[in-house]
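Asker: Below, each chain spelled out in residue letters.
There are 4 protein chains.
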Amino acid sequence: METVIKIACPDEKGLVHKITGILFEKLLNVTHTNEFVDEAFNQFFMRVSYVGNCDIALLRAELKAVLPFDATVDIIPPAVKRVVLLVTKEHHCLGDLLIRSQFQDLPFQIEAVIGNHTTLEGLCTQFQVPFHLISAEGITRETHEDLIQKQLDAYQPDYVVLAKYMRILTPNFSAKYLGRMINIHHSFLPAFVGAKPYQQAFDRGVKIIGATAHFVTDDLDEGPIICQDVVTVNHNFSAKEMAKAGKDVEKIVLANALKMVFEDRVFLHENKTIIFE
Amino acid sequence: METVIKIACPDEKGLVHKITGILFEKLLNVTHTNEFVDEAFNQFFMRVSYVGNCDIALLRAELKAVLPFDATVDIIPPAVKRVVLLVTKEHHCLGDLLIRSQFQDLPFQIEAVIGNHTTLEGLCTQFQVPFHLISAEGITRETHEDLIQKQLDAYQPDYVVLAKYMRILTPNFSAKYLGRMINIHHSFLPAFVGAKPYQQAFDRGVKIIGATAHFVTDDLDEGPIICQDVVTVNHNFSAKEMAKAGKDVEKIVLANALKMVFEDRVFLHENKTIIFE
Amino acid sequence: METVIKIACPDEKGLVHKITGILFEKLLNVTHTNEFVDEAFNQFFMRVSYVGNCDIALLRAELKAVLPFDATVDIIPPAVKRVVLLVTKEHHCLGDLLIRSQFQDLPFQIEAVIGNHTTLEGLCTQFQVPFHLISAEGITRETHEDLIQKQLDAYQPDYVVLAKYMRILTPNFSAKYLGRMINIHHSFLPAFVGAKPYQQAFDRGVKIIGATAHFVTDDLDEGPIICQDVVTVNHNFSAKEMAKAGKDVEKIVLANALKMVFEDRVFLHENKTIIFE
Amino acid sequence: METVIKIACPDEKGLVHKITGILFEKLLNVTHTNEFVDEAFNQFFMRVSYVGNCDIALLRAELKAVLPFDATVDIIPPAVKRVVLLVTKEHHCLGDLLIRSQFQDLPFQIEAVIGNHTTLEGLCTQFQVPFHLISAEGITRETHEDLIQKQLDAYQPDYVVLAKYMRILTPNFSAKYLGRMINIHHSFLPAFVGAKPYQQAFDRGVKIIGATAHFVTDDLDEGPIICQDVVTVNHNFSAKEMAKAGKDVEKIVLANALKMVFEDRVFLHENKTIIFE
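Protein chains in written order, with the numbering used here: chain P, 1115 to 1391; chain F, 1115 to 1391; chain S, 1115 to 1391; chain G, 1115 to 1391.
Hints listed in this document are in silico derivations from the structure and should not be mistaken for laboratory results.
All residues carry an ideal CB built from backbone N, CA and C; glycine is no exception.
Check before you lean on any hint, since a few could be wrong.
[Stated by the list, open to error] The list that follows gives simulated cross-link-like pairs (lysine-lysine, DSSO-like), each with its CA atoms no further than 30 Å apart:
1) S:Lys1361 <-> G:Lys1386
2) F:Lys1140 <-> S:Lys1120
3) S:Lys1361 <-> P:Lys1386
4) F:Lys1203 <-> F:Lys1354
5) G:Lys1373 <-> P:Lys1386
[As the list claims (entries may be wrong)] Stretches of chain P that chain G covers, calculated by requiring three or more beta carbons in the stretch to come under 8 Å of a beta carbon on chain G:
6) 1134 to 1140
7) 1175 to 1184
Please build the complete structure, drawing on both the sequences and the hints.
Answerer: Right, here's the structure in full:
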């Protein structure tokens, strides 16, 4: 597997030359290189993957030395991402991810699933994945989130994935996982934010429905978009049938987004994503 | 070519039997039949196309006789639709439609083009289509629309197509062409209503952009949707490049919508379209 | 749930009138009606779904009485289809279908899975679905198929689904399940028939790859196509990465095809399918 | 506009460092950089675009000096490509390209159109583009191609585009324009090579049809693929309707392919294309 270097800094001439120079000196076996300059913000982004051993701390220091002082340099050794899922009652995203985790279709492992209903406990058990019921019944939103927080702390996951978790999170909570919490929203955002997007889509009479995977921010449904796709519908579809038709798009869009994130291909910048596929 | 029968009425048992009975008695050569029942509104829609001669007034009367009293029965003999386009400065939809009109790719003919700038006059002249400049400079919106109205009256078109006409129409004006005026909006509505949708899309960082063809109503960008499609974009796209990438989707979506409309396949109901492809 | 009437016969005037007349007399609550005439073969196809009770044998007799003597009339009461899967080593289609079966996402139930390797036994066990290993090692193709045949006879399934079953079946075997055995082929047929389609696609340098679900006939990869879809690739994709990218298309295309088949929406005619969605 | 550097050579460590070093010394304003290594052939490809002035011969020499001896280095100053089209009777691709040329939607200019029928002469005249009729009637294929050759020589085009030119070219002729002649084939190759692909598609009962833009080689329909796309069809489509439905895909796929080629984003290697979008 590959080690990934992610660099983000203000753009200036010669960055690629300086960076590749250091990699060349170390005779690293570079497998892929991608760069992008966001001209609106004069921001430089680069992803380099290499195979082989190398003192990461030293490499990082040498890179920092030739880059602008405020450069971000992440060097990520190959590792399966440890993930906890939050779910409610819908099984299609959870089921798809459980299979991908068990068969290593994606470089991640589901450490545990937290649900606010028992509906999906059985499915997790089938895959020998711990399921923690944290009901929101009769307690405040804050208390509920504190309980989820404690459970998450027990696992220290790299990422938290909202696999059709149907409760709104407080800014306070989502702030703790900025850039590490991904949600699947069942519409092609920014269309149909908020509740019941398929009912909204039906009422509007749209001819396409879709799904959007995005990082969770304190602004509901406004986080940086990672992946989107759509499927065509027509007058024959009831709101319920639209919801059914949307499930496959949801699970595939979420999986595609997680692939990009878990392979360290995604940069976050100014509420947008730069993704090196 | 085919004659098309369009029937809309409250649903009740036996409608198809009664309708097809009349067609059978007349030994009409029926080529296609489609029905749909909107259960939310208990509304029945049927489209029948047939080849051959038949007293249309009589046929209509016989159909009315067996249908609920408030049934709508349209019988449309084969005819090329007479269309006037409204444009501003962008050429891609106009150019595409001029070619389709000249070569009869769609069952329509462009009678004339009205523009509020001279930019596209030359293109119309190349196709020997009358171009009427009606500038909005220095006059009120109402006066401008009155002038357009007068020009349209001179042609009595079956349909008015807003082929990237970039001015907002008053409810008063659009009301005159309810169900007969089609607009192409450069976003996958209801996302990015109003001005500069591509800039909005860029600012939001979406991964898909699209286009929507819809009937114009007094509610801006809220009319019944006929056709939509999308194209994928990524962080490499500037707002300007998104706009460029969207042009082809716009022209194809508009052409597809017009095909459905001009072939009398579209029913309007409760701000939605029922389309029998 | 709905009862489905499927009618196929030579076309003649008045068929719809006669058929709907019988349904009207019985005051059946018809939910959907679709007709299609294959003009090349002058063949009429109709699907009617209704809710409510009715003497099926009688209804069938009455319909036959008004239809051409060689008409096919199937009346299918609502029922979950009983299905047996054949698999080899790949898990993505099997896993997707196991989840859809367990949660009744499709109107079917997986009675058992037959594999020629043990690879997928564990996954079936997780879903408490019987797995039968029938290895092809050291026996003739005919003997192997006889063993599969015997196992299938024990379940008497409505349909047999080849969910990435990687062995070629003899015409003798496939003939037994004509119209009841569906295969997923990992290319957009007729491109890349036979073995290693992704390697073929890579070697040819295509920019799209796809999948095709089709009924199995005695002619390898030439059976009637039910459903197809594609996904874009580029020069970055190795043959292996194309295969990986294709897995999701394969499982979704297969699921979409099975939905059409299990909802009795598919007619077979002259090596083609007529599908009333 | 940008100058584009295209480099292709055997891969070795440090290439990017050496190349960017030279660009850095010259303080060129690099706008985009893309690299790709074809591991199967250990071949390195790089595209760099920059704005500003620079002695191209000198830059080329300096780059050659640090690259493997057999490296290909093309430095292409900004320029509108000069193109000649070959057509037969179908207007949809020609019309689309005439508009794009007139309005500079793509960085190309149509110098002339050569047709083997007069059908499209009028359309060219509307756009004031010279049309040359070179009929194939009563002469040998070789004689016909010689006449086309002479006409092409008169224009010395950068590229020749077969915009629905329905005659097969001899290897001898196509060899003269290797990498400079693009064809649009009306199927998703390699499906339905040869004549009447839509009839073939209809006969096979496919659920998708498509188009493929590719470089022309001496092997009919086997040249390197640049761009492909598809559109869904169903049992309602006759072969003729499939052909009609395919026209829009054909013209958009061809336009997208030409955009990549005319922007110097396409590398040819081992009958495949590497495209830096």
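Asker: Out of the numbered hints, which ones does the structure contradict?
Answerer: Of the numbered hints given earlier, the structure breaks just one, which is hint 7.
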